[in-house]
Amino acid sequence: MNIGVFVCHCGSNIAGTVDTEAVAKAALEYREVVFATDAMYACSEPGQAGIVEAIGTYALDGVVVASCTPRMHEATFRRTLERAGLNRYMFEMANIREHVSWVGKDKAANTRKAAELVHMAVEKLRRNERLQAGEFDIAKRVMVIGGGVAGIQAALDCADGGLEVVLVEREPSIGGKMSKLDKTFPTVDCSSCILGPKMVDVAQHPNITLYALSEVDSVDGFVGNFNVTVRRKAAYVDWDACTGCGECAAKCPSKKTPDRFNEFIGLTTAINIPFPQAIPKKASINANACIKLTKGKCGACAKVCPTGAIRFDQKDELVTEKVGAIIAATGYDLFDFTKYGEYGGGRYPDVITAMQYERLLSASGPTEGHIRRPSDGAEPRDIVFIQCVGSRDKSIGRPYCTGFCCMYTAKQTILTKDHMPDSQSYVFYMDIRSPGKNYDEFTRRAMEEYGAKYIRGRVSAIQPKNGRYLVKGADTLLGRQVEIEADLVVLAVGAEAARGAGELAEKLRISYDPYGFFLEGHPKLKPVETNTAGVYLAGSCQGPKDIPSSVAQGGAAAAKALSLLSKDKLASDPQVSGVKLARCIGCGKCESVCPFGAIEMIEFRGMPKASIIETVCQGCGVCTAACPQGAAQLRHFTDNQILAEVNALCL
Amino acid sequence: MASSLDELKTAIRKALPGLDVVIAWTAGPDALSHAPLFITEEADVARIEWDPRCSQNLAGYLPGLRGKKAGIVAKGCDVRSIVELLQEKLIDREDVVIFGLDCQGAVDARSARAALGSSRGVRDVAIDGASVCFSVNGEPRFFSPGEVLQSKCFGCAGADAGLCDHFAGERGLPPQFGNPPESTLERLEAMDMEERLRFWETQMSRCIRCYACRSACPLCVCQDHCAAQSREPHWVDQTDHPREKLMFQAIHALHTAGRCTECGECERACPMGLPVMTLKRALNRRIKDVFDYQAGIDPNQTPPLFEFREVETNIKEREW
Amino acid sequence: MSVTEGKELRIIGFLCNWCSYAGADTAGVGRFAQPTDLRIVRLPCTGRINPLFIVRAFMNGADGVLVSGCHPRDCHYSEGNFYARRRLETLKALLPVIGVDPGRFEYTWVSASEGQRWRSVVASFTEQVHALGSMPRFMSGTSLDLCLRPAVQPRVF
Amino acid sequence: MVMPTARYIAHDKLMPWLLGLAEGRRVLAPVREGGKTLFLPLREDSRLDLRGLADDSAKAALLPRCEPLLEFHYAKTAGVPSRTTLEVREILPGQETFLFGVRPCDARGFTVFDRVYDAGTRRDIYYCSRRDKTLVAAIACADPAETCFCNRVGGDPGGSDGADLLFTPVEGGFTVEAVTERGGAFLREQALEEADGKAEEAREVREAVRRAMPEGPSLDGAPDEVLRLFDDGAFWESVAAKCLSCGVCSYLCPTCYCFNMTDESNGNDGVRVRTWDNCMSFQFTLEGSGHNPRNGKAQRMRNRIGHKFSYYPKLHDGNLACVGCGRCIANCPASMDVRAIVIQARSRVLDKEEYANE
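Taken in order, these protein sequences are the chains called A, B, C and D. So for the first sequence, the working numbering puts the first residue at 1; every next one is plus one. So for the second sequence, the working numbering puts the first residue at 652; every next one is plus one. So for the third sequence, the working numbering puts the first residue at 972; every next one is plus one. So for the fourth sequence, the working numbering puts the first residue at 1129; every next one is plus one.
It is worth saying that the hints were derived from the structure and are not from the lab. Among the hints, erroneous ones may be present.
Away from chain A, derived, C-beta distances all over 10 Å, residues of chain C [unchecked claim]:
(1) GLY999
(2) THR1079
(3) SER1091
(4) SER1095
(5) GLU1098
(6) GLN1099
(7) HIS1101
(8) ALA1102
(9) GLY1104
Computed cross-link-like contacts, DMTMM-like style, restricted to lysine to aspartate or glutamate with a CA-CA straight-line distance of at most 20 Å [to be verified]:
(10) D:LYS1204 x A:GLU32
(11) A:LYS567 x C:GLU1098
(12) A:LYS472 x A:ASP382
(13) A:LYS339 x A:ASP393
(14) C:LYS1063 x B:GLU970
(15) B:LYS740 x A:GLU600
(16) A:LYS472 x A:GLU483
So the derived label-pair ranges between C-beta atoms look like this [as the list claims (entries may be wrong)]:
(17) A:LEU477 x C:ALA1094: 36 to 44 Å
(18) B:GLU970 x A:ARG372: 17 to 25 Å
(19) A:LEU131 x D:MET1389: 26 to 34 Å
(20) B:ASN965 x C:ALA1094: 26 to 34 Å
(21) D:MET1389 x B:ASP657: 52 to 60 Å
(22) A:ALA59 x D:MET1389: 25 to 33 Å
(23) B:MET842 x C:ALA1094: 28 to 36 Å
Quick reminder that beta carbons are idealized off the backbone N, C-alpha and C, glycines included.
Construct the complete structure from the given sequences, taking the supplied hints into account.
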């Protein structure tokens, strides 16, 4: 084999702490290396051209590039090899940036380490095989998990692009957080007016199947062929029959049911349609509040339902959908501020979250758009807004900035003034984060036109005082303590990962960060992909986002799914297991450990043998490690290839 | 034991017409260890021997006889190997007839020869409670079990007669011999790490790479396709380095981890007297502690390395 | 070229591609400085790791071996790390018997986002191996003077 | 050349004498280690064990278990890395060796090797180099084991074939007699006392052991019988049934000389080694295509017996490739007995003849 080695400087990223020239020189001494050089940017156009040229000049049949992580540019260089007429698997990378130059300080040690990593790559490459990809059929359908604005956008874009879409929503209605908002910044347009039509589009789109009140139960399969089992939770109402007339809710005697949609500041009935614009507009029963379901008596709803849709005996139902791609758009949840003792820990009725305030502002909310204190229903005059509640605070494990609270607080001060011209808003803030189009102008309007008083500092305590609240804090700009008597305190609670996000990530076999947000394939270059092929991310499940970003990412995820599923077949990864029949003794150990059922026992000349179903094999290699004879070998990661790496590093 | 032998012969005579072969023991070239006997005709039944010299575990022959109806005479420890083969579906239960026996202990021919000086003139061996009696040229010579029996006989749990299709002799617990002689594992544990490495270096320098340890192992199902003699994969090289030979012992131990019943065939077969079961014993001990599993007990279990639990209660992972 | 030329020891890491290799990348992206002893072998999954690779590394003279994969339940292949955990736990019983100090081998789980954690794993494991020093090497044959010297060092530098 | 007269060495002088020899050369002698008696380089702390047959044969002295034949290195041409030259360095063994304490059967085993490796124009330089530099000192047996049968394969428990010196146990020590000229030259240089009357005692000892050998039919002259059973699959299946296909028999055998050759390399450097091989192993005849002409253990057993008692004798004037040391019998984990197999083969042929005659 003629091997060429290319050692990348990556500008100064590598060359700054690795002597790339010395590494190339060292590589020349390795077995079967006939050409070695260093290059400024191996991945750049001239860098790749240099590789193509060297392949021709030196008749290379294998290439090692020592540069960044293969997770970044392995695919790039494999294409380079293909352009030069080589098989894409006759390529290895030595990761001398993320694993060497960026983490080691000692240049001599880094250089030695880089040279050894190149040696390891060369020895592995010497044992590489020219693998050929096969093809497999795919399901041209996509599942979108989560029906907030990101999921809605993704679903609509996919459906418009011709894909069948299955949209799964945990709540009884799609709409997500946005459907609870009164107005949106910085335009102060009505949230339901812009979201509502999109929700209706979802309901009416012929390519979209909507499963509301449903959750993903399990996922198996792989890109192009996922099998997702969805748990359709019992609504106790036959939704095919329900017309959404609302008679049931009107007659329901259980009228003190906590109202989830209204953030628990109002009450609703045990059977209800969460809000007037709900999609699907179907009633469902809160089993914990329903008198019939808890005590066995009542059944008022069933008596009045004009279509006889009530089903007290309804059970959860599992349906399995075969899809080619999955878009996770599961959004976020709000930080539970009761962790903060200084804000009353939830004991003060008039210390509320911004989302609760949003419901108070909303014309379809429990107060029909009139701002009223939850404690006594009185109209407040002095309102204190506290920002960064559950954001940028290491002490409670939330060191990140939610990013959109500054904006919605500004919006709420504006709306407050609109609702109650005599009111006065005070905002305690740490920094104003408003780096979006028309955003900073918007916060200035709140201060300058709407008279919101911004105080830079933290609140140290809230104390009840004569039916009002004494808010004590610091003004760090003036360097003094401030005390404000407020009728209402609104906390700008931050975003955190949606409950159950970790479990869903495990089902989808994607990664998540320490806070539970799903991990993108690359922070810059693969912001909507994940490390699992065919699974994409949209909206705040990947990290807190405002509405335009969520919509943009929903569209981006849809574009990824559309491009993936635009082909009739997908190329199968040839890095799968294979069984050498002459060595296999048919003991079946591989079959028993395969996580994918990709191994079947066959009979060959009267002897039992294992056989890999290549389109099902995912290439994990569990079988290879279980096979005592070494008959089952994971291609591209064979025992001999890994042993060669071990021997190159130490012998 | 004489009556057990008669019972056994009767049972085999009766079953033989329905079987292709029955594997038992008979007198061999060495007076201290009996040889395997493959019985296909009734006339052979008379040659069967049964006494403490029936040391060889015959279970290893069964996978090679797959497809035939085979009877096998088995001590309690041998039955555990059969259980393991059944677990791994390497033999078919309906094709195997197990003739269980009431074993009193099995002679370790190597130590017995050392104790006696020679195997010449040995006519009979009997175990009576705490002593082993060899009749040599008509004279009885007594030894303690620790001197002449296999180490596995200490703490023997006896036969699970339930699995045997026939059982000759008295059911019940075998004799208990008290504490076993010090094992290599215990000796090693008293050494520091480098001494342990040097210990194996010395031991393995004697190894002649005959692979009898593997060939005799009833669970080394790969046999002709053993990784030790393969270039693809190339786990060990062919040089005479003790490191390579120890590497093979590690391969054997890890391949039989959770499967090895400590039948002792590997050490019995080793012509160089190497303590090759030590590694397997160490792994078994850990597997018992961590996975609460012992090989060769229940034919319906799965060996522990071929399954898992999502929450492993006995694994204490390190916090970093 | 031998790593022992500096003050380094031979430490080999077997990392799964999806979590820990990416976690090590994350540490790199974050410029989390680490000791330079470790050399990483990239594998698809910890389930691919035959414990014998680790034995082989020690036989060849490695001073430490570190395995890292996805956290339990996070395996890209669902179950690979569950098998790995059992295999590696079993391996832990073998190493000290052949004279490899248990402190020379560790396995752990590091996710793609845990760059900081990866740094601290590398730092503490490297420190732990340094505290044990070099692994004693096997002498070549002792019986009849007929053994080979170990196969050859790669010649560079 | 006239042989020197017989000498005598007392038991208590033996070890110091051997250690003295070890100063200028390697002395291999049967030494107790790990519960076994093995031929190992003699050191001051060695426990010499001359009670009987050692557990391994001494063949490794002439045909090591693993012998490097050559080293190779792929050298890069300076400035032209695409040009690689293969440098090869032959490794010739060169150590003077005194091989002490083999038994007459073992020494006779070397004559089996000599016919193969030192056969006129076909000389194996590695073997011959070792043979030339090794002085073989055999000890006549006094106490044959149950498994000994040299007398049934043309050998002699007091014989000296293949040896340079013959030691014979007598009262208080050993007599030492030169067998070959090299042995004679060596013995002349040794400051050992004259044996005098002890030489006669030695002759009597050897005579006595010849009488003490267990009797049995000769295994000589079986070539045709074994050949006639070549296609008798049922016979070989039955005798091989209990065989485990391990290599204990051939690896301990003083006459088994088969080897394998492999290149072991790492990076640019490698070594070609020759290692013992064994015809009981599946790999022995495994062809590159995957086909194996000796696929089953019965065919392999047929080869082992056939080679020792038929094919080799046919090529080498009737000399068997078995010297009757009995190690294969004593150490077989499945208690196989090569004597019994040859006898069975004979009677099987007789049975067939009788059947044919009827």
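Hint check results:
{"no.": "1", "hint": "GLY999", "in the structure": "violated (3 Å)"}
{"no.": "2", "hint": "THR1079", "in the structure": "holds (16 Å)"}
{"no.": "3", "hint": "SER1091", "in the structure": "holds (13 Å)"}
{"no.": "4", "hint": "SER1095", "in the structure": "holds (15 Å)"}
{"no.": "5", "hint": "GLU1098", "in the structure": "holds (16 Å)"}
{"no.": "6", "hint": "GLN1099", "in the structure": "holds (18 Å)"}
{"no.": "7", "hint": "HIS1101", "in the structure": "holds (14 Å)"}
{"no.": "8", "hint": "ALA1102", "in the structure": "holds (19 Å)"}
{"no.": "9", "hint": "GLY1104", "in the structure": "holds (15 Å)"}
{"no.": "10", "hint": "D:LYS1204 x A:GLU32", "in the structure": "holds (9 Å)"}
{"no.": "11", "hint": "A:LYS567 x C:GLU1098", "in the structure": "violated (51 Å)"}
{"no.": "12", "hint": "A:LYS472 x A:ASP382", "in the structure": "holds (14 Å)"}
{"no.": "13", "hint": "A:LYS339 x A:ASP393", "in the structure": "holds (12 Å)"}
{"no.": "14", "hint": "C:LYS1063 x B:GLU970", "in the structure": "holds (17 Å)"}
{"no.": "15", "hint": "B:LYS740 x A:GLU600", "in the structure": "holds (15 Å)"}
{"no.": "16", "hint": "A:LYS472 x A:GLU483", "in the structure": "holds (4 Å)"}
{"no.": "17", "hint": "A:LEU477 x C:ALA1094: 36 to 44 Å", "in the structure": "holds (41 Å)"}
{"no.": "18", "hint": "B:GLU970 x A:ARG372: 17 to 25 Å", "in the structure": "violated (50 Å)"}
{"no.": "19", "hint": "A:LEU131 x D:MET1389: 26 to 34 Å", "in the structure": "holds (32 Å)"}
{"no.": "20", "hint": "B:ASN965 x C:ALA1094: 26 to 34 Å", "in the structure": "holds (29 Å)"}
{"no.": "21", "hint": "D:MET1389 x B:ASP657: 52 to 60 Å", "in the structure": "holds (55 Å)"}
{"no.": "22", "hint": "A:ALA59 x D:MET1389: 25 to 33 Å", "in the structure": "holds (32 Å)"}
{"no.": "23", "hint": "B:MET842 x C:ALA1094: 28 to 36 Å", "in the structure": "holds (31 Å)"}
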